[in-house]
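J.: Protein chains in written order, with the numbering used here: chain A, 543 to 648; chain B, -14 to 244.
Check before you lean on any hint, since a few could be wrong.
FRET-style restraints, in silico, Cβ to Cβ [stated by the list, open to error]:
(1) B:50 x A:605: 29 to 37 Å
(2) B:30 x A:617: 17 to 25 Å
(3) A:627 x B:51: 28 to 36 Å
(4) B:72 x A:593: 37 to 45 Å
(5) A:617 x B:136: 53 to 61 Å
(6) A:596 x B:213: 51 to 59 Å
Examples of chain A residues lying across from chain B (beta carbon under 8 Å, computed) [what the hints assert, rightly or not]:
(7) 548
(8) 564
(9) 643
Simulated from the structure, these hints should not be mistaken for lab results. Ideal Cβ placement from N, Cα and C applies to all residues, glycine included.
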Amino acid sequence: MAARIQVPSQAKRGEIVEIRVLIQHPMETGYRHDDVGHLIKRNVINVLSCRYNGVEVFRADLSSGISANPYVQFYTVADKSGELEFYWIDDEGQQGSERQSIQVGA
Amino acid sequence: MSRAAALVAAVFAAGTALAQQRAIPLAELKSGSAFLGADLLSLQKDEFANPGMLWVQRGETMWRDPAGKKNQSCASCHKEAAASMRGVAARYPRIDPASGKLLDLEGRINACRVERQGAEPFRFESQELLSITAYVARQSLGVPVKVSIDGPARSHFDAGEAAYRLRRGQMNLSCAHCHEANWGKRLLSETISQGQPNAYPAYRMEWQTMGSLQRRMRACLSGIRAEMLPYGSPEYLDLELYLAWRARGLPVETPGVRR
């Protein structure tokens, strides 16, 4: 699963930083039928989480109705230099993850 | 009259004739983005959040990945796309000098795959073809569309214009009825655009994915209850050339975001 994640590479301690996540995914709702009338099974990213130096700072439980290729934006406080780990999984069990580092100065 | 003055007069006359040829005057030429709401326009301009950039990003990886029997990547021949592909998309569709055939950007890429890489061509509307096309076209961001309709391209251009003006389908409409005579007016909740091709492949909200200009044309055909020609039909190529000629001067916006 392709993804685009934007984390500021540098921040001041205590600064509120914006995190942006865009993941390529069909987000099949589970309400659509195919050409011969069979229900298409739901397949959405159901969890997206972000850990900052091992501590979970953001978590979203997504479901039907979120558009394909979901875009999620959230904020966190720059605390210490380190790594943000992103993790997501869809209904078919496909997982994705990404890491980005952040430098926090005084 | 001096020779210089005559030349100036001739150039001026040619310029006027060209200006008259335009279906829509240059000053009124509007990209599809001019018909978007503020939300979609800002999404298109946002280099990070524009969902089409997911395809561009994949295309960038594909550019460097060797493929086919010859184990060549795009970069093996064309090096850095930022330099070698700048302005290329603005010149397509164009006649391939080797085969004499009219090729759009997708067709050019597939010809490269077969001839230079010894690989299978990508299927129409496949994620691969959309990704690499979007990546190549992205390198021409802001470059004005400028296609040639001279020489062997002329017959394709004429066929394209004829196709553009042909009434078809149960609604008996041609492209011109909406996109030339009535652009800017409302069709139910939508504002009719000029049908400009400068942002394709584009991410369309209705599709919830990326699609080619041919897919967009098929959507129009379906809308007027006309027969949808199969992907890759010569008529689409001729139309693509006519649309690009009509759009000359508009900047490439790939990947566009559209309703």
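J.: Any hints this thing doesn't respect? Which numbers, in order?
T.: 9
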